[in-house]
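S.K.: Construct all of the structure, not just a fragment, from the sequences and the given hints.
In this note's numbering, the protein residues as written are 850 to 1452.
These are computed hints drawn from the structure, not numbers from a lab. Keep in mind that the hints are not guaranteed to be accurate.
With a Cα cut of at most 27 Å, we get these calculated DSS-like pairs of lysine-lysine [as the list claims (entries may be wrong)]:
(1) K1182 - K1134
(2) K1224 - K1274
(3) K864 - K952
(4) K1304 - K1224
(5) K1288 - K1360
(6) K1169 - K1153
(7) K1169 - K1142
(8) K1341 - K1304
(9) K1153 - K1134
(10) K1134 - K1122
(11) K1415 - K1365
(12) K960 - K1153
(13) K1288 - K1134
(14) K960 - K1142
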Amino acid sequence: MSELKKQLVTIIEEKQLTSLFQPIVSLAAQQVFSFEALIRGPSNSIFHNPISLFSCAEQFDLTIELEHACRKASIRQYAQLNLKHKLFLNVSPNVLLHPDFKKGETLRFLKDNNISPDSVVIEITEQQPIDDFNIMRTALNHYRDMGFQIALDDLGAGYSSLRVWTELMPDYVKIDRHFIENIDQDSVKLNFVRSIQSMATASNCQVIAEGIETEAEYLTIEALGITFGQGYYFARPCAQPETEIAPHLFSNSKVNQAKPISKHSKLIEEIIKTTPPTKPETTVKSVLNLFQKETQLEFLPIVKDGFCSGIIYRDQFLIKLFSSQFGIELHGKQAISLFLINPVQSFDKNTAIEQVSQKLTHHLRNDHTFIITHKGNYLGTGTVIDLLEEITKQQVKSAQHANPLTLLPGITPINEKINFFLHEKQPFAIAYFDLDHFKPFNDHYGYNAGDEAIKLVSRLIQENMDSEMDFIGHIGGDDFIVIARHHHWQEKCQAILKAFEQQAPQYYTEKDRINKGIHGHNRQGKACFFPLLSLSIGIVAPEAASSCSSHIEIADIASEAKHQAKLLPGNSYFINRRMPESVKPEAKVHTFSTQEKHLQLVN
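M.R.: So, in structure tokens, the structure goes:
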């Protein structure tokens, strides 16, 4: 036996492994949801690095023994720390399916440490391809029957990982850190993660974004509606982890969970129903008695230590129970969590109704129920019917304030949305769009042509801005407002100006295009020559917007920025970074054309 193998055997046999724990954070509840156990060898050994540890174990055919020791160490330390959150344990498929794998050992370790299986998630690491999905599904169903949940690690990095997802149907998928790194600057990664989120919603699966290291990455992930996040931005792996995340790391630091001012952004707590839950260990017979006693009870949440693991629907429960040959005699003493449980989506009570609607869209049913929580703990339930009624009310109200030409929200919802983001301390920029020389164009070509020019601006804004992150409003006439939350708001404004410069001339006759303008009269009645339509954008940068106290201050700064932009020739934008009541503004002036772009500082 080589010296290196002897060292590894000693580490395994003498329990010299240490488990570190890294939090997985609920982005909606803004608190720790679970911990992933990460193994380290002795600090004075080359096996301290997990890559060296596991690669040597594979080389010496000790992988099964090592993983066995890792799980034992992780469970023991988890119990010693008295952590109440879920525990993610890494398991490789080749070990899980190996003939020498000791079945039941994990469950025995948990029982020895008074830990329930429903507190544990088996995280499948895809370091090698899965050869037989049927055998793998059987193995994972065995764990599910005992109460464990399943997670798929590093989605997008392994062997045919999308197939693994659809074959194994895990409860959680963890997106590989490659797709999270610089996601705020990479539209391909952004769209990939957005697609994964849509697929997860449709398959009753929850997404965990791994490797979040910067605030910009976190803000992008949060805006996409991803449920959970993990990475150095929140906390590094630690032997004695903190169970709370610093409030300042979150986008709006909802310490007091205050309601937004916006009437158009109602929270899901508006439709909460207090539904008494039961525990996972409640017997099937007890649940049957409860349904028989409470004839109006349509579903029953399964909750333990504040966490809801799923829902029992009355009809499904009774059909499954009484369609069995022996029914209550066979299953009566069985725990309800092992008999029948439906995965369920949960939302913090401070989640906007629109966000809940988007996440439920892919599998909408009239009888669909979801869980409402507060800081990760069960509060009550909501139903799709109540959600639809509330959304209908909002749509009616929005229609009352929509611009009839573009159907975009008008001034009232714009102001309410600005106040909402200010109140929630969410960063945003304001872009105020206005057409130059619009009145003489409208007088010369008629109101139909004027309407077409306005609709062009509307279309270009909607095509270039992010419909999921940015709020687009139409004040009236040729004035538009965008509340831009996407980090690339400046590049998007440039793209709009470029597109407008290319497309606006189509609304002129060939003669006027050649002359590059039209003859008309100004507001004083004097004959003038007016250049072709151009677009001016006054922008309030995020640092200036965040220092304002209301939409009124924002409007003042935006109007000033728009005025400065209109003083410039052609399609231009002006960025105002001035704070209210500051001594001197620092502003940036940009004149855009297809040939050149000028930049100068204004003192």
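S.K.: Now look at each hint and say whether the structure bears it out.
M.R.: Hint-by-hint comparison with the structure:
With a CA separation close to 7 Å, the supplied pair K1182 and K1134 stays within the 27 Å bound. A threshold of 27 Å between alpha carbons decides the hint, and for K1224 with K1274 the separation of about 19 Å falls inside it, so the pair holds. Taking the CA atoms of K864 and K952, the gap is near 21 Å; set against the 27 Å cutoff, the hint holds. Between K1304 and K1224, the direct Cα distance comes to roughly 44 Å. Violation of the 27 Å bound is thereby established for this hinted pair.
In summary, the hint linking K1288 to K1360 is supported, as the alpha carbons are separated by about 20 Å, within the 27 Å threshold. About 24 Å separates the Cα atoms of K1169 and K1153, which keeps this hinted pair within 27 Å; it holds. With a C-alpha separation of about 19 Å, the suggested pair K1169 and K1142 falls inside the 27 Å cut-off, and the hint holds. The straight-line distance between the Cα atoms of K1341 and K1304 is roughly 18 Å, inside the 27 Å bound, and the hint therefore holds.
Under the criterion of a C-alpha separation no larger than 27 Å, the hint pairing K1153 with K1134 is consistent with the structure, at around 19 Å. Proposed proximity of K1134 and K1122 is supported: the alpha carbons are some 25 Å apart, at most 27 Å. Of the pairs offered as hints, the one joining K1415 and K1365 holds, with about 18 Å between alpha carbons and a cut-off of 27 Å not exceeded. At most 27 Å may separate the alpha-carbon atoms for a hinted pair to count; K960 and K1153 meet this at roughly 17 Å.
For the hint pairing K1288 with K1134, the CA-to-CA distance comes to about 76 Å; that exceeds 27 Å, so the pair is violated. Between K960 and K1142, the direct Cα distance comes to roughly 34 Å. Violation of the 27 Å bound is thereby established for this hinted pair.
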